[in-house]
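We have chain A already, so just place chain B on it with the hints.
First to last, the sequence lines map onto chains A and B. Heads up: the first sequence runs through residues 1 to 140, numbered per my numbering. Heads up: the second sequence runs through residues 1001 to 1167, numbered per my numbering.
It should be emphasised that the hints constitute simulated quantities derived from the structure, not laboratory data. Keep in mind it's a predicted model, so treat the numbers as computed, not measured. A virtual CB, placed ideally from N, CA and C, is assigned to each residue, including glycine. What you were told as hints is all true, and nothing was included just to trick you.
Some chain A residues close to chain B (C-beta under 7 Å, calculated; not the full set): (1) Asp15; (2) Arg42; (3) Met53; (4) Leu54; (5) Leu67; (6) Gln70; (7) Met71.
Restricting the straight-line Cα-Cα distance to at most 20 Å, the calculated cross-link-like pairs of lysine to any residue (SDA-like) are: (8) Lys5(A) / Arg1157(B); (9) Lys1053(B) / Val59(A); (10) Lys1135(B) / Leu18(A); (11) Lys44(A) / Ser22(A); (12) Lys44(A) / Arg1124(B); (13) Lys1053(B) / Arg72(A); (14) Lys1027(B) / Ser60(A); (15) Lys1053(B) / Arg133(A).
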Amino acid sequence: MDCQKTQEEILASFDGALPYESQREINQHLSTCPTCRVFAARQKALDARLSAMLVLPEVSPGFRATLRGQMRREAVLARSDSLPEIVHFVSCTVATALCVVLLPFGTSVILAAGATAASLTYIPLAALRNLFREVEEAGE
Amino acid sequence: MNDDVQELLKKRTYGEALERLLNLYQKKVFGMAVMMLRDAGRAEEVTQDIFLKVWRALPAYDGRAAVSTWLYTIARNTCLTAVRAESYRKTTSIDQVPEPGVRANVPLELELAGCLEKLPEIQREVITLFYLQEKSVREVAEILDLPEGTVKSHLHRARRALSDMME
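This is chain A alone, in the form it adopts within the complex (with noise of 0.2 Å):
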């Protein structure tokens, strides 16, 4: 093994286990490679450095509580922002209802169809605030 070699297997050790072939070659060179050894050396003590240096802070206690607070906030305001639009359609459906009972078989029958289809245009208006909102959510 040469140096070039050898010093790509050092760098490779500290990225997992090597194979027991590979660490006895790297011994082997390193017991006549003065220049391989204190690169081996350094890489060693950069290594302990960086493990001791960079380590991951816990999260506080709370965290998850918090979490939670914010999801259960979030769901009661996607509640009452949907409760005017709830209102609004089990209010028209009672009127058409009464009005078909109420109203003549013709004029029943045109403001059933009328009331039917603007009901339906809630489908494609709930489809496209999803996409708007899947939009703004991917660009963020």
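Leaving out everything else, chain B in the frame of chain A:
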């Protein structure tokens, strides 16, 4: 593990799915945020935002990408938005914001933090994440959406460069 999450999503039990994702990825996502924002407190806030976005987006997750890939994409985009919004890298110097875990009163570590700053961006990201993610090349590759071989190559270049700088 990801199959469990997929199963929960099929059953539309989004709360449980999020709980599972938190158990699996909270630490990794937090590590990514710490690396990108260089401020543990801000990173925690951003990690909360990330999981809130994930929770909102769970019903729309279509299973085309692996859950981890999908989640890390949201995490990366959210971190980038936070970095851009606060212009961390432009307005703060390395003396003000030490690397994660740096005990700033130790001169040797400050020297090493300074050397890390001099590395090309991708090498700094890779080597920082490698140590924050418990030395897992696979995790770093997944988080940065890079092949493992590329991660190793950046790691080796970074190690050589740091060693040369500190000679």
